[in-house]
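For any residue, its number in the numbering used here is found by taking its place in the sequence shown, counting from 1, and adding 609.
Hints were generated in silico from the structure; no laboratory data involved.
Think of the CB as a built atom: it goes at the ideal place given N, C-alpha and C, for glycine as much as any other residue.
Among the hints, erroneous ones may be present.
[Stated by the list, open to error] Label-pair distances were calculated between CB atoms; the ranges are: (1) Thr711 x Gly689: 22 to 28 Å; (2) Asn777 x Ser718: 49 to 55 Å; (3) Thr750 x Gln655: 23 to 29 Å.
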Amino acid sequence: MLNPLVCGDVFTSTYVIQGISTTSPLINSVVTLEGVVTADFQSSTQLDGFFVQDPSGDGNPLSSDGLFVYAPGGANVNVGEAVRVQGTVAEVNGLTEINTLTSLTVCSSGYVVTPTVIDLPVAVTGDQERYEGMLVTIPETLTASQNYFQGRYGQVTLSADGRLFHPNNGNG
């Protein structure tokens, strides 16, 4: 893989920003990071930002290698580009992100980040924190269990191992 970290030599890695707990150890700090754009959701009807990921990671299964960059109004980036971003670390609705973006540089393009495989169901609720902001793939067949929020927030609740049981099922 090409080394995407070509914009500069001093930066904070995405996994250092994420840390190994549910909140970043660098909240309210201004950081400079480098990573590869893995998803672009910049429309005002989407998330107003994009995801970046360290393509090599730190090898620690407890820390996430990805991060969300909040960029309302848009940032000129595309999936597969290596970028250098500067902004403030924040926790918003349980998601670590870079907001108050102060600079963005596209370094190069043509990168592919390999998705991390997540096997479901997870053993412990909250285990997903280590995948926050990362490009993932789920090999299991998933079932749509709830779509009430789809039109409002683009959110669909999925379940592994088939349809979720509800105590009222079959009671008529």
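Do the hints match the structure? See the list:
no.: 1; hint: Thr711 x Gly689: 22 to 28 Å; verdict: 24 Å, holds
no.: 2; hint: Asn777 x Ser718: 49 to 55 Å; verdict: 52 Å, holds
no.: 3; hint: Thr750 x Gln655: 23 to 29 Å; verdict: 26 Å, holds
Checked against the numbered hints given earlier, this structure breaks none of them.
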